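**Student:** Going by our numbering, the letters in the sequence shown line up with residues 49 to 164, in that order.
Honestly, the hints are just simulated from the structure, not real lab data.
Owing to the predicted nature of the structure, the values given are computational and were not obtained by experimental measurement.
Where is the CB? At the ideal position from N, CA and C, for every residue including glycine.
This list has only true hints and no planted wrong ones.
Between beta-carbon pairs, the in silico distance windows are:
#1 T51 to K71: 27 to 33 Å
#2 L101 to K71: 40 to 46 Å
#3 D136 to L101: 50 to 56 Å
#4 S103 to T124: 29 to 35 Å
#5 G140 to E106: 49 to 55 Å
#6 E96 to E122: 35 to 41 Å
Heads up, simulated DSSO-like pairs for lysine-lysine below, C-alpha to C-alpha not over 30 Å straight-line:
#7 K74 to K62
#8 K62 to K78
#9 K78 to K97
#10 K71 to K53
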Amino acid sequence: MMTRKALARQEESKFQITLQELKATKELEKDRLQLVIEGFDQCRNEYEKVLRLISGLEQQLQEANDCIYKLESEQTKVMASQNQSLYDELVGCAPILISASLNINPVTIGLTTDDF
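Can you build the whole structure from these sequences, using the hints too?
**Tutor:** Below is the structure:
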């Protein structure tokens, strides 16, 4: 039969073993959680990197749209100016073209009534 002292030592030994197992489990769980945290940090860094890239692309898109708008506006002005120039040229040349193509000799008509 075991004495009280021996039983106490045996129980203390069991508690020490259990405590060591708990410490080991705690360390394993801590390591697992640290890996999860590192994974989250990596995901956050990638997310922020992609957000910066998207922001830069949106800015480039806005600049491209502004450039397109300016070019289209300028093209409209140039087309209107060209059309007006062509119209002015055609209107300015029209009397010369008409008279040159008709090649008519002027006729003088007397409007007095002396012939009666």
